[in-house]
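*Asks:* Residue-level listing of the chains:
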Amino acid sequence: NAGVTQTPKFQVLKTGQSMTLQCAQDMNHNSMYWYRQDPGMGLRLIYYSASEGTTDKGEVPNGYNVSRLNKREFSLRLESAAPSQTSVYFCASSTGQQETQYFGPGTRLLVL
Amino acid sequence: QKEVEQNSGPLSVPEGAIASLNCTYSDRGSQSFFWYRQYSGKSPELIMFIYSNGDKEDGRFTAQLNKASQYVSLLIRDSQPSDSATYLCAVRPAAGNKLTFGGGTRVLVKP
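Protein chains in written order, with the numbering used here: chain Z, 1 to 112; chain Y, 1 to 111.
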């Protein structure tokens, strides 16, 4: 069991470039989440997917889009990256929305 | 006022001592509470969760919940240098199913 995996581990973008962060879980979890973590800010929810086929906005969705490709995969897309999106991005999953969330290793993104 | 607040620290404790971390939350109807540990450069990992008022013990860790006062705390007994990390408190508010995280408390255990 790999748990929650994320690619890439590191990425440097120029302002205006686009990219997709990939997340996959092999725990047969229904719910998946995307967070960003900035110094002193804790984890802030960007988008989540309660179950396959559904997605909802979290606390800080502006500038991002998501796709729940299937039960295993949940991707996060930055259409036009901005320096304010420099952060560490974590994907998480849980059996259900009321259950414990398990985190992936994170993607460190730098936007110049 | 932030929904979930933690002292950012660092909380410096000598090896073998008890580390006491506090977390306060604003939503009085919150139902479940989680403590995650995060080592520098790593992802958060769950230490324990608590739903009911009182204490819950798991090894060297004890979570304490007081819903009337709207705080949850984490005690780390016999602190070890390997406990040096940032500890994140997470709260599930009454409305909705999303977790809200505090900013984390950095703990340094000195040999």
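Some hints here could point you the wrong way.
As the list claims (entries may be wrong) - Result set (DSSO-like, lysine-lysine): computed pairs, CA atoms no more than 27 Å apart in a straight line:
| hint | chain 1 | residue 1 | chain 2 | residue 2 |
| --- | --- | --- | --- | --- |
| 1 | Y | 98 | Z | 9 |
| 2 | Z | 9 | Y | 2 |
| 3 | Z | 9 | Y | 42 |
| 4 | Z | 71 | Y | 2 |
| 5 | Z | 57 | Z | 71 |
| 6 | Z | 14 | Y | 98 |
| 7 | Z | 57 | Y | 56 |
| 8 | Z | 57 | Y | 110 |
| 9 | Z | 71 | Y | 98 |
| 10 | Y | 42 | Y | 98 |
As the list claims (entries may be wrong) - Below, a sample of chain Z positions facing chain Y; criterion: calculated Cβ distance under 10 Å:
| hint | residue |
| --- | --- |
| 11 | 63 |
| 12 | 64 |
| 13 | 82 |
| 14 | 92 |
Because the hints were derived from the structure by calculation, they are not lab data. C-beta atoms are modelled at their ideal positions from N, C-alpha and C, and glycine is treated no differently.
*Asks:* A separate judgement is required for each hint: does it hold in the structure or not?
*Replies:* We went through each hint and held it up to the structure:
About 25 Å separates the Cα atoms of residue 98/Y and residue 9/Z, which keeps this hinted pair within 27 Å; it holds. At roughly 30 Å between alpha-carbon atoms, residue 9/Z and residue 2/Y are farther apart than 27 Å, so this suggested pair is violated. About 11 Å separates the Cα atoms of residue 9/Z and residue 42/Y, which keeps this hinted pair within 27 Å; it holds. At roughly 33 Å between alpha-carbon atoms, residue 71/Z and residue 2/Y are farther apart than 27 Å, so this suggested pair is violated.
Proposed proximity of residue 57/Z and residue 71/Z is supported: the alpha carbons are some 18 Å apart, at most 27 Å. Pair hint residue 14/Z plus residue 98/Y does not hold up; C-alpha atoms about 32 Å apart against a cutoff of 27 Å. Restraint check for residue 57/Z and residue 56/Y: not satisfied, since their Cα atoms lie roughly 33 Å apart, outside the 27 Å limit. Restraint check for residue 57/Z and residue 110/Y: not satisfied, since their Cα atoms lie roughly 42 Å apart, outside the 27 Å limit.
At roughly 19 Å between alpha-carbon atoms, residue 71/Z and residue 98/Y fall within 27 Å of each other, so this suggested pair holds. Taking the CA atoms of residue 42/Y and residue 98/Y, the gap is about 22 Å. The hint holds against a cut of 27 Å. Interface restraint check for residue 63/Z: the shortest CB-CB distance to chain Y comes to about 19 Å, outside 10 Å, so the restraint is violated. Hint status for residue 64/Z: violated, given a least beta-carbon distance of 16 Å to chain Y, over 10 Å.
For the restraint placing residue 82/Z at the interface with chain Y, the shortest Cβ-Cβ distance is roughly 23 Å, beyond the 10 Å limit, so the hint is violated. Because the smallest distance between the Cβ of residue 92/Z and any Cβ of chain Y comes to about 8 Å, under 10 Å, the interface hint for this residue holds.
The structure fails to meet hints 2, 4, 6, 7, 8, 11, 12, 13 from the earlier list, while all remaining hints are met.
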